[in-house]
Structure formats: C-alpha cells, structure tokens
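Chemist: Residue numbers (my numbering), protein chains in the order written: chain F, 227 to 658; chain G, 469 to 592.
Hint data in this document are derived by calculation from the structure and do not stem from the laboratory. Built from N, CA and C at the ideal position, the CB exists for glycine as well. Do not rely on the hints blindly, as some may be mistaken.
[Unchecked claim] Covered stretches of chain G, as calculated for chain F (at least 3 residues, CB under 8 angstroms):
no.	region
1	536-549
2	565-574
3	583-590
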Amino acid sequence: MAKPLYTSAEPQRAMTQNGSKIVHAFGALADLGAEVANRSNFQDTIRTSLHLLLGSLGIMRGGVARYSRFEGELSLAAVRGLGDEFPLAFALTREDERAFLQCGTAALEVLDARDLTLLSLNGWILEAKDIELIVPLVVHDELLGMLFIGEKASGDRYSPHDKDIICAMGRHIGVAISQRNLLTELERKADETLKLYDEMRATYSDTVKAFAAAIDSKDKYTEGHSTRVGKYTEIIARELGWVEDEIEGASVAGYLHDVGKLTVERKIINAPYKIDAKESKELNRHPSVGYEILMPIHHPYADVPLAAKYHHERLDGRGYPDGLYDREIPYIAKIVNLADSFDAMTTDRPYKRRRPAHEVVEDLQKNSGLQFAPEITSALLRGILRETTGELKDKRFRRLLGREYMEAENLTPMLRHALDNIGSTQSITLSV
Amino acid sequence: MIHDLEAGTAVAVISEDVFPVSLPSSEPRRSSAAVVYAGDYLNKLSGESVERECRQKIAEGARELIVDFSRTEIVNSIGVSILLGVIDAAKSNGATVMFADVNEGTAELFEMLGVTNHVRLIHN
Numbered sequence: 227m228a229k230p231l232y233t234s235a236e237p238q239r240a241m242t243q244n245g246s247k248i249v250h251a252f253g254a255l256a257d258l259g260a261e262v263a264n265r266s267n268f269q270d271t272i273r274t275s276l277h278l279l280l281g282s283l284g285i286m287r288g289g290v291a292r293y294s295r296f297e298g299e300l301s302l303a304a305v306r307g308l309g310d311e312f313p314l315a316f317a318l319t320r321e322d323e324r325a326f327l328q329c330g331t332a333a334l335e336v337l338d339a340r341d342l343t344l345l346s347l348n349g350w351i352l353e354a355k356d357i358e359l360i361v362p363l364v365v366h367d368e369l370l371g372m373l374f375i376g377e378k379a380s381g382d383r384y385s386p387h388d389k390d391i392i393c394a395m396g397r398h399i400g401v402a403i404s405q406r407n408l409l410t411e412l413e414r415k416a417d418e419t420l421k422l423y424d425e426m427r428a429t430y431s432d433t434v435k436a437f438a439a440a441i442d443s444k445d446k447y448t449e450g451h452s453t454r455v456g457k458y459t460e461i462i463a464r465e466l467g468w469v470e471d472e473i474e475g476a477s478v479a480g481y482l483h484d485v486g487k488l489t490v491e492r493k494i495i496n497a498p499y500k501i502d503a504k505e506s507k508e509l510n511r512h513p514s515v516g517y518e519i520l521m522p523i524h525h526p527y528a529d530v531p532l533a534a535k536y537h538h539e540r541l542d543g544r545g546y547p548d549g550l551y552d553r554e555i556p557y558i559a560k561i562v563n564l565a566d567s568f569d570a571m572t573t574d575r576p577y578k579r580r581r582p583a584h585e586v587v588e589d590l591q592k593n594s595g596l597q598f599a600p601e602i603t604s605a606l607l608r609g610i611l612r613e614t615t616g617e618l619k620d621k622r623f624r625r626l627l628g629r630e631y632m633e634a635e636n637l638t639p640m641l642r643h644a645l646d647n648i649g650s651t652q653s654i655t656l657s658v
Numbered sequence: 469m470i471h472d473l474e475a476g477t478a479v480a481v482i483s484e485d486v487f488p489v490s491l492p493s494s495e496p497r498r499s500s501a502a503v504v505y506a507g508d509y510l511n512k513l514s515g516e517s518v519e520r521e522c523r524q525k526i527a528e529g530a531r532e533l534i535v536d537f538s539r540t541e542i543v544n545s546i547g548v549s550i551l552l553g554v555i556d557a558a559k560s561n562g563a564t565v566m567f568a569d570v571n572e573g574t575a576e577l578f579e580m581l582g583v584t585n586h587v588r589l590i591h592n
C-alpha cells in the first residue's frame, strides 16, 4: 500500500498556514492602500510601501524605482538590503519601455527576461543581489516605475499566488507614484500660471502708467497729474485699510481717471485763462468720455470706469456729469475726487499758483461733508500726519509735494485739529 | 533622492550590552553579545531605528544580537521587513541573531514567512 503524501494532520496544517499567509498579505495590502490614500509625504509613503511589500511575503531585499520618460531612466526611490554597489539609476530603452507597457504590472522572472536591454546590461548586478523578480509599475498605460524583488527568506520560489500579491501591491505603489507625478505637474502648472499672471499684471500696470503719461502729455501745466492722483488714491485706499488687490485697483482708477481728456482739444486743456461756458461744456464731457473708453476694457478691477465717470461728482449733488448725491456716488469715485482736488490745490496751474499747506488743510476741512466724504478726507490727512510725525518712514507725500511743503509751519497741529473737526462732521446724505 | 530603508529617523531604542562573566577585569570591556528591545514601535517607519541600533552594536563588536520581543504584542509586515534588515545586516557582518521571548502568534508568523530559517527563537 502506497504511503500517503501527508499524515492526517499535515493537509490541515498546510491549509491553516496558507490561510494565515493570505490574511497576513491582505493585512499588508490594506495597510498599503491606507498609506497611499492618506500620506502626504511621498518619500515616507514609498519607504513604508517597500517595507509592507517585503514584509508581506518575507522578502530579504528589494527596491522601488521611479521612471522618468524624459530622462529615459529608472531611478531608485527606496531600497532595502541592496548595498552600496547597487546602481542608483538604470537607463531604459524605448524598446524596453514598450515591452514593459505591453506586459503591464506583471511579475517578470529575471532569468526569463534576458532579452530586455535592461537585463542584458544589468543582469550581473541583479543576480549578485539575488533579485529574482522585476515588476513594471504601469498605471493608465504609462510606465511609472519598477519593483526589484529579492529572494524570499524561506528560500522558496515565488508561487503564482505570491506574484499576484506582489502585483496587487505594485499597483498601489504605482498609484502613489502617479499621484505624486500629477501633483508635481499641477504644482509646475500653478507656478507657471502664477508667473504668467504676474507678468500680465506688470504689463497691465505698465500700460496704465503709459496711458497716464499720454493723458498728462496733453497738458504742459499739469504734467504728472494722473500719476500723482494714482499715487494719492493708493495712499488713501491704504489708509482706509483696503487689501492689496483693492489698493492696486484704486491706484489704477486714479491713474486713468482723466483718460477722457484725450479727446478734449489741447487749447482748452492748456487755456491760460478761465475758460468760457462752451469750452467748459467741452471739458466737462471728459468723465463720460473716459467711461466710454474704459468700459469695453476687461479690467481686473471693475470700478475703474466708474471712477473715471464720477470723479467730479460732489456729495452735495453739485458735481457733474449727473449731479449725484453722496451714496449715489461710487466709493472709488469719491476717493479719486479727493485725490484729484488735492493735486489741483497743491500744484501750480496756468491761472493760479499752488495754495499753501495750511490753506489746503482748511479747504479740505471746510468741504468735508459737502464735496468730500469725511472718512476719506480723514484718511488723506491721517496719511500726511503720520508722515509729519515720523510714524511712517516712507516719505510719500514729501516726494510728491516737496520737502518745503511738508515742513510748513504748524502743519502737524493743523492736521490734528482738522482731523478732530472732521471726525465730528456728518455726511451730507443725512441732511438730504 | 534615494531612500535607503536601512537609514531612517532617529528613535531612542532601549538596548543593553551583555558581557561574558569570565572576562578579566583588566581586559577592555568589549561586548560579544548585545540585546536590543523591539518595543511597540517596530510596526511603523520609526522602527527602522531598531535596525540602525543593531548595526551599531555589530559595528561595536557584538557577534550575537538578541532582539527582545517581551514588550512586543504584534509584528506586522513593516516589522517583518525591518527584522529581515537586521538579519541581513548581521549576516553580512558575520554576526548571528536571536529573537527572545517571541509570543506564539509572532513565532508562527516568523515560521510561516521563513524568518526562522535565519534566526533562533529563544526564551529568557
């Protein structure tokens, strides 16, 4: 009678051990899935993944390589037990890449894959390190990397079942690399977009300044007016606590507020006398014309055309073109109105000299609530005060108005007094 | 950047040197065996420090490494991989490894995966 292959206890023991192996491998697979899904640190994910893979089947050594198609190279991302002499990178031919893509994520016996250039060139080192399997990591028909798998601690050959487990884990590792590649690509594109955006902003800003210079070139007496209004508008917006983007928008509105003057005859703009009613009517068209010019342009800041149209409106309704009252006037137009008036008062004009600092402060105080919004007037005066008291190191007003102007006698107490008075001023809206 | 799993972040590993009783007191105290405690942290990336500690002991002259599992409840795949790294490091330096006080479940796992082909399981 032939001797049975197993004693009665052996099949049961073998079955139990197989079951335990499957449970252990599934545990590793589950851990790997969680690792790939949750970890944000790619390097740690790859290291942990390699440990999980090697530990799932008791593999003595191995490595994970990433593939760069651009460089035609497999570079090791994590290794265990391969020693210093193992190459950090392997060149990969296009033929090898195609071959790996054809077989997908499959465990290839090193001894059976000698036709590949990778193995004909590097077979010796793989053999020296007891690498038995190589596993291409293919996701969405793209080769992303390679697993190098050494011998099992048990000394057994890899069974088809073992290879299935390795491939399942390889697919997870492939997904981790794919996610990393996508993220890197996204980051690169985001950087590129940001760079383009910055360049466009710079171009836009330069264009705006060029327009301002073109506007100002029509009037030899008010050279630099639009630029200064742009800067005053920016200072006021900053004093009002606006955020950087809003400040930049306000500045653009200041630079372009007089764009409509491009269509006004030069002799009217440069008239060295008080212009007559007809000429005044022509000149007063410039806010509406400016609006028409700016409206079709897609500005990053929506209120730019409104600032041009309403920068001559007054809180008391005596402005133009529409005679709007306080809250009917867009806020940005109120700021530009003040910046425009302030520059008119503080620069020489064909028919009058600029007014001394104390007169300007008095005028602003007097017209606060009638022509100018009190909180906006306060913001302008506060900006000047912060400079005269030395609180602000950046001497913006000194650069725009001149040192002499900013060092006018008693300017600081006058500003404080005006700010106190304006603080108690009510907007015209309340009485309309 | 390559990530060698034999390196890793430093984690304190409790270890002690074991000296032969017969060693003359005039001889330099050079350990021939060393104990490294596997602890609870073997099952995560920080467990790589166990392998690093073992390598250090071997470099210091230890020819027998005893990894103590008395405080280790479960060993997962990461733990197995780290321990295989310990075995590999010891083998390539002519040292032997013993696992002490391994519980029954872990012993079965080591046997199933062939780890016991390379180490001896001992009890204190």
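Chemist: Against this structure, judge whether each hint is valid.
Modeler: Hint check:
| no. | hint | verdict |
| --- | --- | --- |
| 1 | 536-549 | holds (count 6) |
| 2 | 565-574 | violated (count 0) |
| 3 | 583-590 | holds (count 3) |
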